[in-house]
Structures are given as C-alpha cells and as structure tokens.
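First to last, the protein sequences are chains A and B.
Sequential numbering of the first sequence, starting at 27, is according to this note's numbering.
Sequential numbering of the second sequence, starting at 27, is according to this note's numbering.
No lab work stands behind these hints: they were computed from the structure.
Be careful, since some hints might not be right.
[Said to hold, decoys possible] Once the Cα atoms are required to be at most 20 Å apart in a straight line, the calculated EDC-like pairs of lysine to aspartate or glutamate come out as:
1) A/K58 <-> B/D105
2) B/K88 <-> B/E76
3) A/K143 <-> B/D105
4) B/K88 <-> A/E84
5) A/K179 <-> B/D105
6) B/K143 <-> A/E84
[Unchecked claim] Some residues of chain B that are not near chain A, with every Cβ distance over 10 Å (derived):
7) V32
8) N37
9) S71
10) G107
11) R133
12) D176
Source: prediction; values computed, not measured.
Note that beta-carbon positions come from the ideal geometry of N, C-alpha and C, so glycine has one too.
Below, each chain spelled out in residue letters.
Protein chains: 2
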Amino acid sequence: MSTATVDNGVNVQALLDAREVLKGAPEAAQFKWRASCRWQNGTHSQTDVEGFFGLGQEQHHKTETSFSADHPEIFASQDKGITPIEYVLVGLASCLTAGVASVAQNRGIQLRSVESKLEGTMDIRGILGIDSEVRNGYDDIKVTFKIDADASKKDIEAIVAQSQKRSAVYDVITNPVNVVVEVA
Amino acid sequence: MSTATVDNGVNVQALLDAREVLKGAPEAAQFKWRASCRWQNGTHSQTDVEGFFGLGQEQHHKTETSFSADHPEIFASQDKGITPIEYVLVGLASCLTAGVASVAQNRGIQLRSVESKLEGTMDIRGILGIDSEVRNGYDDIKVTFKIDADASKKDIEAIVAQSQKRSAVYDVITNPVNVVVEVA
C-alpha cells in the first residue's frame, strides 16, 4: 500500500518537522498544562481548562471547556458528573487512541475504526480508610482495543505498542509523578 | 463551633455507615470503573462514561457523559477537545476537592469556597521521541488551594493533607498502577 493514499487525519509531516526544530530548541519543548477547579457543593466540583504554556509562550484552546465531577448516588452524592477517577480513564483512552492514529499514519496504515474499552479495578476500602493495606486508587487498568485497519493483526499490535511507548497519560499512570499540594 | 450547623452538602453519616458495612463485606467494596472510546479522526476521540460495577452489582450514572479529546492547533491538530493529559488534571482537581469537602464536613468545619489551580510541567521532547531520557508524561504537578472556611490556616492545611491521603487520583498519579493494553 502506498502511504500517499493513507489519510487518518494526522499531519505527520508537521510532527516530524516539530521534532527537528525542537531538537535544537529544548526550552521551547517545556510545556505547562493547567486547570482551575471550583467547589460547588458536597462532592460536586467544576474544573475549567483553557490556557497552557508551550513553544515559549502562552497558548489557548479554541474554547474554554468546563467539566463537572461528583460522586455517584450510591456514595450518598448527587451524581452531577462522572467521578474523578473515571476522568483518568478518559485521559488514558484518548491518549492511546491519538497515538494509534499518529503511529498508523506514520507507518502508512489506513485506519477504518479504533474502539477501546477500559476497566479499572479499585477496592474502595482504601478511600474509606477501612484497611491501610488497601491502596486508594486503581489496582489494575485493562485497555482492550478493537481496530479495523488495512494491516495484519501483528502490525496493528505493533501500532498499539508504539502508542503505549509514547503515551503521556500511560506514563503518568504507570510511573510515579511528583505532586505538590499547597494552601495559598 | 457546633458541627450541627455545618453543612457542606456531604452526607458524612452515610459514608461512616458504608464504612461499617464494608468492613464486614470486602467483596462489595470491589469496584470496576469503565470508559469506552471511539476514534473520530486525526488525534480526535470521543470517550463515553456511563456504567460501573460496585456493591456487588452493575451501577449506572444518572446520565451517560461523552468527552472529546484532541491535540491543540500548535501540534497541527484541530483542538476539538482538551488534551488527554489535561484530563488527568481534571481528575486530580476534582478528587482533592471532593475530599476537602468531605473531610471538612467530618471535622465540623464550614466551607465557604474552595478553589484550586493546577499546573503540570511536561517536556514534549519525550512524546516526540527526541530524547529517550525525557519521560513522556508530567515531571511535576503543582496544586494550589485557596480555601475560605470557618477555620484556622493550620486546620485548613490539615484538611487538605487528609484529602490528599485518601485521594484515589492522587494515588494513581504518584504511585505506579499496573496497566495492560491488548488488541482484541
């Protein structure tokens, strides 16, 4: 298959060009991603995402997006949004999926559909403080991709593996990140 | 201050009751959180969250919520949603905030406002594959709370510290989680 006919909607050339430019300009590669959160009531909060810093200057998304989070009714909450821990799955799913599209484009493989199911197991005795041996977060997360593409199963598996290897969210979940929490 | 007059909208008694019940029923504390993602085009994807498993049975959010993710225009993408790595900040902000409200309620402290700013630093030479020594995800995340409450600075700091100690998303980001990615 000729790569010229492949179009997954990813501008791989721009990414390869950016890679060349940033090789010689490491300071432009320093990004800061931001969010602002405001408590509503109970366990309900609203988080806004709009601006970030990168390529040496302030940047903006086309629009500011606001996200509701809450706990479900079975936790005696109002379920005014998905739970915080589910947002982690949204990030992981979308990161791996963007990677699959980018890697497939780079390898000249046309995608027709990319679907994934994610499931994270969690023992809530951790967050309830019942057993200090039980962690608060996920024990395990399983991601299952179903991909329809002009490629062999082996090539599809290799695309997914490469996406995983370059995924920012996969890295954050599988490796420790330093988090500092302060009160102003 | 009397705790009877404090109302942050969190039903602490229900949580304390749940803790007692789940102490004797660890199998009911096993939760499975889920998400389904569908590639749209380019780096744009749509992730749906609706059902989960807990208390021994299938559970449902009041409504199914769908989340767009994309890369920004400076990455030659269409910016049809926030980036996957920003969803991690949404999860962290909302988890810590729900914790602050719950802990304050349990300690009889009335909250008036809880705001937080999050900033995660990331060197994108990692995801671009420029330097294998650079990680893909966040190097550091800083969370700054601004809280107006009927309490001393010291008591407010103690609430935030306890929220951190019991936060599922904080745990996932600061400690490794086992993630398995498969192709069906």
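Hint check:
Using a Cα cut-off of 20 Å, the hinted pair A/K58 and B/D105 holds, with the two alpha carbons roughly 17 Å apart. With a C-alpha separation of about 8 Å, the suggested pair B/K88 and B/E76 falls inside the 20 Å cut-off, and the hint holds. A distance of roughly 23 Å separates the Cα atoms of A/K143 and B/D105; the hinted pair therefore is violated under the 20 Å criterion. For the proposed pair B/K88 and A/E84, the alpha carbon gap of about 38 Å is over 20 Å, so the pair is violated.
Between A/K179 and B/D105 the alpha-carbon distance is near 31 Å, which puts this suggested pair outside the 20 Å criterion. Proximity of B/K143 to A/E84 is assessed by CA-CA distance (about 16 Å); at most 20 Å being required, the pair is judged to hold. Look at B/V32: its CB is around 13 Å from the nearest CB on chain A, clear of 10 Å, so calling it non-interface holds up. With a minimum CB-CB distance of about 4 Å to chain A, B/N37 fails to clear the 10 Å threshold, and the non-interface call is violated.
Residue-level check failed: B/S71 sits 4 Å from the nearest beta carbon of chain A, not beyond 10 Å. Once the 10 Å rule is applied to beta carbons, B/G107 is inconsistent with being away from chain A; the minimum gap is 7 Å. Under the 10 Å C-beta cut-off, the non-interface status given to B/R133 relative to chain A holds; the minimum distance is some 14 Å. Every CB of chain A lies more than 10 Å from the CB of B/D176, the least distance being 15 Å, so the non-interface label holds.
Hint compliance for this structure: hints 3, 4, 5, 8, 9 and 10 are not met, and every other hint is.
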